[in-house]
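Those protein sequences? They're chains S and H, same order as listed. For the first sequence, numbering that gives the first Met the number 0 assigns the number 493 to the last residue and increments by one with no breaks. For the second sequence, numbering that gives the first Met the number 0 assigns the number 465 to the last residue and increments by one with no breaks.
To be clear, the hints were calculated from the coordinates, so they are not data collected in a lab. Take these hints with a grain of salt, some might be off.
[Said to hold, decoys possible] Stretches of chain H that chain S covers, calculated by requiring three or more beta carbons in the stretch to come under 8 Å of a beta carbon on chain S:
| id | stretch |
| --- | --- |
| 1 | 29 to 40 |
| 2 | 66 to 79 |
[Unchecked claim] Here are some chain S residues pointing at chain H (derived, C-beta under 8 Å):
| id | residue |
| --- | --- |
| 3 | D66 |
| 4 | E122 |
| 5 | R145 |
| 6 | T204 |
[Unchecked claim] BS3-like cross-link-like pairs, simulated, lysine-lysine; straight-line CA separation at most 30 Å:
| id | chain 1 | residue 1 | chain 2 | residue 2 |
| --- | --- | --- | --- | --- |
| 7 | H | K106 | S | K142 |
| 8 | H | K55 | S | K436 |
| 9 | S | K472 | S | K331 |
| 10 | H | K53 | S | K142 |
| 11 | H | K459 | S | K331 |
| 12 | S | K436 | H | K459 |
| 13 | H | K53 | S | K331 |
| 14 | H | K459 | H | K106 |
| 15 | H | K60 | H | K106 |
| 16 | S | K331 | H | K55 |
| 17 | S | K331 | H | K106 |
| 18 | S | K436 | H | K60 |
For every residue, glycine included, the Cβ atom is placed at its ideal position computed from N, Cα and C.
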Amino acid sequence: MHANHATSIRSCLAALLLLFSAGLAAAQGVSPINYNSSLFNRGAFNLQGQGARAMGMGGAFIAVADDATAASWNPAGLDQLTRPEISLVVNRFARSYHTYQDETLAMEPPATGGSALLRYNDEGQADATNINFFSTTYPLEIKNHRFVVQFSYNRLLHFTNSEEFWEQQNILSAPPDGPFSTERYNLFSSADGGIDAYTFSLGTTAGRGVRVGASLNYLKVEARDITVTDAASVTPPTDGSIYQEFFTQVENFNYDFSGFTFDLGVLWKIHDMFQAGAVYHSGFSRNNFDYRYSIKEFARRSDGTSTTLDFNASGQGEIHWPNGYGFGAAFKPITPFTVALDYSRSNWSEGKATVTTGNTFERQYPLLLPDSRQKDTGSLRVGAEYVFTTANRLAIPLRGGFFREDQLQNFFQNEVGEDLPTPVYQGFSLGSGLTYKFFEFDIAYVRMVGSEDLLGTYRFEGGDGVSATPYTKSFSNNYDSRLNRLLVSIIIRF
Amino acid sequence: MMNSCVRYLSVIGTIVILSASARGDWTQDYLQGVARLERKDAAAAIELLQSALKQKPASCKGCIREGMYFSDYYPNYYLGRAFLALSRYEEADACFQSLLREGLIQKSELAGAFDESCRLVRRELEARKPRTPAPEGKPRDGRPAADGDGPPQAAPPLPAPPVKVDKRDPETPPGAAAPVKTPLEPAPAPTLDAGLRADLLQQFATVEKRFGELDFSRGPAIDGALAMKRELQRQIQDAADIRDRLKTGQDAREFEESLERLRTGLEQVGRFLDRARSAAVESGNLRRHFASLPEGVFLDNPSFRQEYLFIRTRLENLQGQLARVQDTRELATAEEAMGALRTDFWDFMARAKPLLGQPAAAPTAAQVRHRARLLEGYAAYFQGKLEEARQIVDSTPPEPALRPFWLLLRGVLAYSRYQLGGSRDAALLEAAGQDLRQARQAGIPDDFVTEKYFSPKLVKFYQGLR
Numbered sequence: 000m001h002a003n004h005a006t007s008i009r010s011c012l013a014a015l016l017l018l019f020s021a022g023l024a025a026a027q028g029v030s031p032i033n034y035n036s037s038l039f040n041r042g043a044f045n046l047q048g049q050g051a052r053a054m055g056m057g058g059a060f061i062a063v064a065d066d067a068t069a070a071s072w073n074p075a076g077l078d079q080l081t082r083p084e085i086s087l088v089v090n091r092f093a094r095s096y097h098t099y100q101d102e103t104l105a106m107e108p109p110a111t112g113g114s115a116l117l118r119y120n121d122e123g124q125a126d127a128t129n130i131n132f133f134s135t136t137y138p139l140e141i142k143n144h145r146f147v148v149q150f151s152y153n154r155l156l157h158f159t160n161s162e163e164f165w166e167q168q169n170i171l172s173a174p175p176d177g178p179f180s181t182e183r184y185n186l187f188s189s190a191d192g193g194i195d196a197y198t199f200s201l202g203t204t205a206g207r208g209v210r211v212g213a214s215l216n217y218l219k220v221e222a223r224d225i226t227v228t229d230a231a232s233v234t235p236p237t238d239g240s241i242y243q244e245f246f247t248q249v250e251n252f253n254y255d256f257s258g259f260t261f262d263l264g265v266l267w268k269i270h271d272m273f274q275a276g277a278v279y280h281s282g283f284s285r286n287n288f289d290y291r292y293s294i295k296e297f298a299r300r301s302d303g304t305s306t307t308l309d310f311n312a313s314g315q316g317e318i319h320w321p322n323g324y325g326f327g328a329a330f331k332p333i334t335p336f337t338v339a340l341d342y343s344r345s346n347w348s349e350g351k352a353t354v355t356t357g358n359t360f361e362r363q364y365p366l367l368l369p370d371s372r373q374k375d376t377g378s379l380r381v382g383a384e385y386v387f388t389t390a391n392r393l394a395i396p397l398r399g400g401f402f403r404e405d406q407l408q409n410f411f412q413n414e415v416g417e418d419l420p421t422p423v424y425q426g427f428s429l430g431s432g433l434t435y436k437f438f439e440f441d442i443a444y445v446r447m448v449g450s451e452d453l454l455g456t457y458r459f460e461g462g463d464g465v466s467a468t469p470y471t472k473s474f475s476n477n478y479d480s481r482l483n484r485l486l487v488s489i490i491i492r493f
Numbered sequence: 000m001m002n003s004c005v006r007y008l009s010v011i012g013t014i015v016i017l018s019a020s021a022r023g024d025w026t027q028d029y030l031q032g033v034a035r036l037e038r039k040d041a042a043a044a045i046e047l048l049q050s051a052l053k054q055k056p057a058s059c060k061g062c063i064r065e066g067m068y069f070s071d072y073y074p075n076y077y078l079g080r081a082f083l084a085l086s087r088y089e090e091a092d093a094c095f096q097s098l099l100r101e102g103l104i105q106k107s108e109l110a111g112a113f114d115e116s117c118r119l120v121r122r123e124l125e126a127r128k129p130r131t132p133a134p135e136g137k138p139r140d141g142r143p144a145a146d147g148d149g150p151p152q153a154a155p156p157l158p159a160p161p162v163k164v165d166k167r168d169p170e171t172p173p174g175a176a177a178p179v180k181t182p183l184e185p186a187p188a189p190t191l192d193a194g195l196r197a198d199l200l201q202q203f204a205t206v207e208k209r210f211g212e213l214d215f216s217r218g219p220a221i222d223g224a225l226a227m228k229r230e231l232q233r234q235i236q237d238a239a240d241i242r243d244r245l246k247t248g249q250d251a252r253e254f255e256e257s258l259e260r261l262r263t264g265l266e267q268v269g270r271f272l273d274r275a276r277s278a279a280v281e282s283g284n285l286r287r288h289f290a291s292l293p294e295g296v297f298l299d300n301p302s303f304r305q306e307y308l309f310i311r312t313r314l315e316n317l318q319g320q321l322a323r324v325q326d327t328r329e330l331a332t333a334e335e336a337m338g339a340l341r342t343d344f345w346d347f348m349a350r351a352k353p354l355l356g357q358p359a360a361a362p363t364a365a366q367v368r369h370r371a372r373l374l375e376g377y378a379a380y381f382q383g384k385l386e387e388a389r390q391i392v393d394s395t396p397p398e399p400a401l402r403p404f405w406l407l408l409r410g411v412l413a414y415s416r417y418q419l420g421g422s423r424d425a426a427l428l429e430a431a432g433q434d435l436r437q438a439r440q441a442g443i444p445d446d447f448v449t450e451k452y453f454s455p456k457l458v459k460f461y462q463g464l465r
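Only chain H is shown next, with the shape it has when bound in the complex (with noise of 0.2 Å):
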């Protein structure tokens, strides 16, 4: 009896004292404030998740173990998305910037989730900001002050390095897509001096790696699209199924009418995923478009430095709009988008056209004309119409002072076609890389032949002539 009494207390006593000793289990804090956000409880999740961190700061990869099933831990990230779906943004902000800093999750599977996260956070951040009244009395929603006292009122720096660069082959000719028309008249380019120029070259460089972070052509809103395809189609199939098992003419009638309405909504997707697939070649000609303003434009003007920051603001607008056509499904969405932003765009273009006719040295007539027309070879090239930047190369004799530049042009484009035919042409293959080493004999920048403007196929071959 005695020896029963003390077996019992001392296996009380130990559960006490490891009781008392036991920690927070920062796991299980965070998987529940995990699956509270799932169920949109985002005040009880962030109740949770802050206990998590308090618990264990920093995010790990793997760390977590369910039995045999491994998964990561970002509270940071949650809670982030906890303060978001509360409208708390400054308190998202700070979240998602620790996880910046800490580098991990532009690794991982939810580098995506994020990467839009982050761009919500910012974006509603700014709509907070008080506006800049517009010059002339000319208001413009969500643009920037075009006085040019300050900085550029923009989107202040997006924090993620992240993810991929659109690396689409320029070879291949955006097939779905219908062409842009660029109503960008050939107009006199200005030069000049190294260091400005330098200066620009390094705040573009700036911009096009914004730039990268934005892949239409794999978007979001593809894949949503995709998913709304499936969904439908599988919602017909059930119909169909049930249709089959029907035995009355009415109830029959009944879901005809609802397999017809099926139909009709899929056919609305396929319409949808089209403008989407074309929204994304445009998008992706737009933004080479902006990549071939560095090296064939010389920008002197901080008015047209902001009207370029402005586009660029707008260009990720229009990719937080795709966005949300992949939530809600609104089809007219999408199209509203590009429609402005076309409507931007070649606003800026024109009006960028008088502020770069003011040269800082007067280039002779010949010189205006030769770089105007190598300027609308190059658009055309990076928009895919190789056959109109072939006719405007092959109709414009180079200049000697941009001869580097026209040759380079020629060259590619010979590769492209070499490309396109099949790799079989060595003839044009011969003709590329005769063109393509005097380029560079001639003084093309080392870093202007790069992924960043061509294809890793033209890059390769480039870099391996001799």
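Pulled out of the complex, with its shape left as it was, chain S reads as follows (with noise of 0.2 Å):
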């Protein structure tokens, strides 16, 4: 009897917990697309220009963008360069993030009068080391019209990853016999792979004061072995009930897509202390989404009978890849000080995979989470550059920005299961260099830091379809993410 009552309590809990933490699906149930989401949100899914000495601005270049790594904030600044150059940008990134979710159940009277606590601790990192930027700019002039065109290497987005971390889920009580179990999964992913461009540019004068420029670029999208690895630790139930004493799981999971988008750029100097520019970036529709899945696990229980599970999945489908633009502006009110402020937004929420052949599922991109809200994406950066120089032509700059960029979709909802506003992070930037001759070398330092909460208690009356007993939910929740990058390019001007 008291076996079938605590049964009946625990699969009771056990679907409240499943209704209201959407976040996490039941431990067993982890899916690697959630681990995909980590590879975008929470500060990491940045995809702009590249370049140490525009992130040492705080990533505001759009209306500056003069150097060699212009035509990754804006084509139309390709014009502005009048000798041939090459470009290097290494990127060191470290990203950590921790989370912390408590959230208790209370049954109340008279049904059970039993209680539950999901506790999750997840703390995961990643860095990495990568060339993310090379370019080589060369001036041509056609029939007395100068273009200045350039090609490039950009890599938008690495997904080397790795996580550690755990997840706790206590029965606490049901009466009469108190806790009935702990399980506890100690689970480790990794993925590798990212997102490339390779970029043509080409930047001209369109009138006076008036530069354009396009780029053309091909887009690969390679995500490898998103992989999570998961091993269960079980306390025995108090009342003598069977239970899962041993549980492994390894899911793997890639995919990959490719595509061409253009750029669009126009910059406008107005006034010799004022320039303005603007960007257009085309998104892309394409039926060449693939992907594979695959899932394997062992569980036994205490009654001695165990079960395997050896799934394997894939599809093909249409990827969309949406739009953004961009907006900027510049202030030089003494030619070694330059001011920017840059504004762009992602059309996020309209990314998108639609997989229709083999395993279907449509899902937003990228987070491709099963409960898709993500949302559209806007940046907002300010930087400022002065540029000390010395009668033999030796220039040490210093940089400094900030920034605030909207997040794709808030980790947590309310009560009911609604979307929170989403969460906005902020960060800073320093850097310096220093440019003699022929030979530019800039260096960067960047961090962003977010944090999202869900503090409360709520009582639920009860008739959702799942248990009509009344109950109450506290929530304690906490999220905190960093970003460190620091960035080195070199830029030689023949």
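Make one complex out of these two single chains by using the hints.
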């Protein structure tokens, strides 16, 4: 009797947990697709231009764009280059985050008076060093009209990732026998790959003080071996009921697609001291989204029975990469001093992967979450640069910037599963460098932090289809994210 | 839908307004103008540079920014060069005059090139002026009339105050240079009244200032030759590398021959370099000699002054020719120029002698001899022939009226020997100090012992004497 009663209570509590813990599926049902989302979310999703100089200015570079990284910000800026240049940008990033979720459910009499605690502690980190931009720029003249062309490679996002975390689910009490069980899952996830762009850009003069430019990008997105390894440690229930005493699971997820996009840019020199810029990034739709998913699982129960799962899925379908745009203004009161302000926006609510053959699904890209609710993202950036020059043409800049970036979606939902406002993360940057004769060296440090909280106690009246019993749910959830980047650029002018 | 339309219309409207209000980009015009000029498209360069000038007339230093690179803005300079390329000398001259008035380019990296362009324009403008026929039916190419009616026909005043004055130490003998043989015989020197002397000194001072521009010792000809030498050395190395890779004897022979030709070229450059150095030192000596004239000889004849100006013009031409050597690699040109200069210079000096021999007040024979001898001593000193100068001083007893100059010469010679001896002979320094102190007390004008004629070290030493 007790066993049956306890089992029903646990079933009821588990159902409620599943219902209200949308961010995480039941521990055993963790999908690697969730971890795909971690590649993009929480400040890591930052598909902007490259270069230590620009990032030192907080990434406010749309209306500046006057060095060899110009095309990644605004292709019209290429026209400001008068000499051939090559550039190389090396990026070192370290991203870390910590999620702590405490959710307590308390069932009310006359049902059981039982309670449960669901606790997640998720600490992840990723770091890597990579070449994320390389370009070669050449000005040329055709029929007395000047053009500047550039070929570049741009790693827009690096997927290298490594996380270790645990999740714990305690059924605290169910009268009359006290705690039933504690289930703890230790997990490790990793990933590789990234989003690369191979770009041909062209900039020229369109009129008095007006420059225009265009880029054709071959975008290749490849996420390799998004892997989650899961191992369970379970404390036997006090009521002696059958439990799952051993559990392992390995999931692997890969996908890739590619497409062509184009960028259009304009730069206006409105005044000697003021320049404005605008850029439009096109999206694309292509029918080459390809994914492969596998899960291998072994579970042994306390009664000696066991289950295995070896599941493979794959599918192909259409990917829709959204468009975006940005505006910028640069103010140069004196030649060595620049202040810049940018606003850019990406229509990520339109990002979509629709798999129509094989194991089908339709989800928003890039998060690919089952309950997709990602929003368009905006980014506001402001930065300044002052360059000290010496008589022998040595230039030493000092740069600083501040930025705010919308995230794709809030990590938490409210008590009834509704979206909370999209969080805005913010950060700063510092930069310097040295330029002498034909050689330019720049270095920048960027730090972005963000935090999301959900605190409160709510009473549910029941009748929600899972349980007719009223219950109270208390939240104490927190998420912190930190992103540190160090960029080094070398530009050589011929 | 409606909102989207409004949004896009707003963007388009903003673009139109901004475009309409956009001004011309002087930076762009300037940089493209310079680029066109570098590609020898002077006509297009003129159009662009004039457009830049219209928007921003004033030159500025470091005011053009391309990313992290800063450059200067000298539209008049490049515009002048573009006009020069099209042989529009008057317009080029006007551009250069504007630049000179701004006074900025003289302190820039372009100072040397600008100076050269100025000189080229002036020379071309002078060449276009109608020539005055030479007297006595003996025309000489480029020489001004010597009849004395009217101002000298030599170069009109060069506007640039500019560049650097050669301050080579007279203590350092010109080692590489062949000594200049002076055919100037000891000549009776005239005396002048004070007013005319002051006037002449002023004129010579002006001329001297011009001479300051002629820095042959570090001149572009030598730089050009060195660059050529480096290039040839590189070619030789390339040829040797290719030779090493060759398999067949025939090809090897061809490259050996090529290598030999290059070696010959290198030797020629080496010889040219030596000649250019000699030319530089020799022209420096000539200039020093000229510098000594105002103090050593008192001139009162307008024809003589005119000759002097003519020689100065020839020196300027020489510098132009040396510059052409840099551009064209014509090895013969430098020698030819120096030969012509030497001829003119000594011819001038020989013809100057009778002019100098017309005393306003008859000096004694001893005074005349002493003055001439002392003049030779100074000439030898200025030419770096210190031993010869010392012998002259030692063999010439001090004539009372010129004793200050005699003491001065003996003092500077002692000081020079002290310096050349490694600054170790305290007795020489003591003797130099004594002579120079006495010379000053005896009436040597302070403005004579300056860096115009003497080394900075000596001037400092002289000024420090109590």
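Hint by hint, here is what the structure shows:
{"no.": "1", "hint": "29 to 40", "in the structure": "holds (count 3)"}
{"no.": "2", "hint": "66 to 79", "in the structure": "holds (count 4)"}
{"no.": "3", "hint": "D66", "in the structure": "holds (4 Å)"}
{"no.": "4", "hint": "E122", "in the structure": "violated (40 Å)"}
{"no.": "5", "hint": "R145", "in the structure": "holds (7 Å)"}
{"no.": "6", "hint": "T204", "in the structure": "holds (7 Å)"}
{"no.": "7", "hint": "K106(H) / K142(S)", "in the structure": "violated (37 Å)"}
{"no.": "8", "hint": "K55(H) / K436(S)", "in the structure": "holds (26 Å)"}
{"no.": "9", "hint": "K472(S) / K331(S)", "in the structure": "violated (56 Å)"}
{"no.": "10", "hint": "K53(H) / K142(S)", "in the structure": "holds (25 Å)"}
{"no.": "11", "hint": "K459(H) / K331(S)", "in the structure": "violated (49 Å)"}
{"no.": "12", "hint": "K436(S) / K459(H)", "in the structure": "violated (38 Å)"}
{"no.": "13", "hint": "K53(H) / K331(S)", "in the structure": "holds (21 Å)"}
{"no.": "14", "hint": "K459(H) / K106(H)", "in the structure": "holds (26 Å)"}
{"no.": "15", "hint": "K60(H) / K106(H)", "in the structure": "holds (10 Å)"}
{"no.": "16", "hint": "K331(S) / K55(H)", "in the structure": "holds (17 Å)"}
{"no.": "17", "hint": "K331(S) / K106(H)", "in the structure": "holds (26 Å)"}
{"no.": "18", "hint": "K436(S) / K60(H)", "in the structure": "holds (16 Å)"}
The structure fails to meet hints 4, 7, 9, 11 and 12 from the earlier list, while all remaining hints are met.
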